[in-house]
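A.B. asks: So you can see what is in the structure, the chains are spelled out below.
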Amino acid sequence: MDKPIITGNTMIIPSNQEFLADVDVFLEGVLRGYGIDESRVADIAISVSELVNNAIHHAHHKDTKKTISIKINRDKENVIINISDQGTGFNPEDINDPLAEENLLKDTGRGLFIVKSLMDKVDFEITDQGTSVTITKSIK
Amino acid sequence: MNLTDREQDGVVIIEPKGKIMGGPDASLLHDKLYEFIEQNKKKVIIDLSRVDWMNSTGLGILISGYTTLRNNDGELKLANVTEKIQSLLTITKLVTVFEAYDSIDDAIKSFH
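Residue numbers (the working numbering), protein chains in the order written: chain A, 1 to 140; chain B, 1001 to 1112.
Check the hints yourself; a few may be wrong.
Unchecked claim - Okay, derived cross-link-like pairs now, DSSO-like style, lysine-lysine, Cα gap no bigger than 27 Å in a straight line: (1) Lys116(A) x Lys1093(B); (2) Lys106(A) x Lys1077(B); (3) Lys3(A) x Lys1017(B); (4) Lys106(A) x Lys1084(B); (5) Lys71(A) x Lys1093(B).
The set of hints was computed from the structure by calculation and includes no laboratory data.
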């Protein structure tokens, strides 16, 4: 696979940062179609970019043969987005506190913290086949 | 994202535009920042007025530039921080790290 594939509200991309902007265009297009306000669109877009970056760097270790899927759903009150990779998984509890004095000037390590701050709910499912993260944001 | 840069009163002003999310766009800001540092230009303002949003990659570039300049007797300051980026700086406590000004003129004056 060498380019993104879109089927309905699902996009699958090769695990490559080159496609981050494509994910953003796809995502923001779907969210605006739902009539979501711009501030929430930005919060969701930031969060998805963090999770796709994590998959590329930490789950797949820049192996561009692997793929990442982004599935967007909604119900009456929420947007629910699932980001799945094919990596080896990780323990979300093992992440250092980015607010600790000794970590404040580090240039990495804030991605998941930002996602948890911006989203209403973040669920992880980690299996031998990869990590699946589902984020939920209220749209009411 | 794309960016322009200029110099005013001995201060470098970098003006990124768009979204800073990682990949080639983020490298552009990182490379431009380090280009000035290598030229020994140590007073730098990043004008964020035209940045829609950034993620932790963008914050990491700002911090990397800030610490590199500080370690070389320079300074990186922010100007025209948008509401969305201000919110990210607040939740990550980076608001306590960066000096931020409401205009380029105020930021330039702070260097003199």
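A.B. asks: The structure should be examined with respect to each hint, and the outcome stated for every one.
C.D. replies: Do the hints match the structure? See the list:
1. Lys116(A) x Lys1093(B): holds (15 Å)
2. Lys106(A) x Lys1077(B): holds (17 Å)
3. Lys3(A) x Lys1017(B): It holds: about 26 Å lies between the C-alpha atoms, which stays within 27 Å.
4. Lys106(A) x Lys1084(B): Given that 27 Å is the threshold and the Cα spacing comes to 21 Å, the pair holds.
5. Lys71(A) x Lys1093(B): violated (31 Å)
The structure fails hint 5 only (numbered hints given earlier).
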